[in-house]
Amino acid sequence: DGGITQSPKYLFRKEGQNVTLSCEQNLNHDAMYWYRQDPGQGLRLIYYSQIVNDFQKGDIAEGYSVSREKKESFPLTVTSAQKNPTAFYLCASIAAGDLSGNTIYFGEGSWLTVV
Amino acid sequence: KQEVTQIPAALSVPEGENLVLNCSFTDSAIYNLQWFRQDPGKGLTSLLLIQSSQREQTSGRLNASLDKSSGRSTLYIAASQPGDSATYLCAIRGSGGYQKVTFGTGTKLQVIP
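Residue numbers (our numbering), protein chains in the order written: chain A, 1 to 115; chain B, 1 to 113.
Isolated chain A, as found in the complex (with noise of 0.2 Å):
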């Protein structure tokens, strides 16, 4: 079945360390985009995606990097430099073409922990 995998879905991530996560979609989808939700908030922008080889800073992107070398794939490094990565992050993908009638599709989301 099409969707999005994100991966992994638990992260421990030690002080100073930069670590990565996955998000793959096989729903041919041109758009990507990873958000970050802090408990009882709403979702925040980090980085978004409409093409291959190219991405645009959301609302908090310091502190955060990502690739689009693929269009299947959007990984996103959580670094050193950002000071509060403890959330839960999500992954998500629309198509392009008819854009008004496109749905968001969502991966299940990866829980981030600073240990």
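Take the hints with a grain of salt, since some may be wrong.
Unchecked claim - Each computed DMTMM-like pair below joins lysine to aspartate or glutamate, with the alpha-carbon atoms no more than 25 Å apart: (1) B:K100 - A:D54; (2) B:K100 - B:D27; (3) B:K100 - A:D59; (4) B:K42 - A:E72; (5) B:K1 - A:D30; (6) B:K1 - A:D54; (7) B:K42 - A:D59.
Bear in mind the hints are in silico, worked out from the structure with no lab data behind them. Since the model is a prediction, treat every value here as computed from it, not as a measurement.
Given chain A, put chain B in place with the hints provided.
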């Protein structure tokens, strides 16, 4: 910058009651508005999508409306059930530039048996 607000932040109702969740946005230049459901510790599940040219969409006991001129959307849930307990989020897909998707802060719904 698009800002999306959902009121109330939390809502508790007895089973069987009809209820309305609200979503307000500041920029009417949108492609669509989508309502999602999120269960604790899970990803988001799409409920309804309203295109910018539409006024409402229905699916089962759910009905969502869109009024771009006033920057408002409502999600109506009929005959609520305990299984409806979850957090409901609305999301706006903008029409400018890279079509950013902006989420509201969500309404946490509890339906009491």
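Of all the hints given earlier, name the ones this structure violates by number, lowest first.
none
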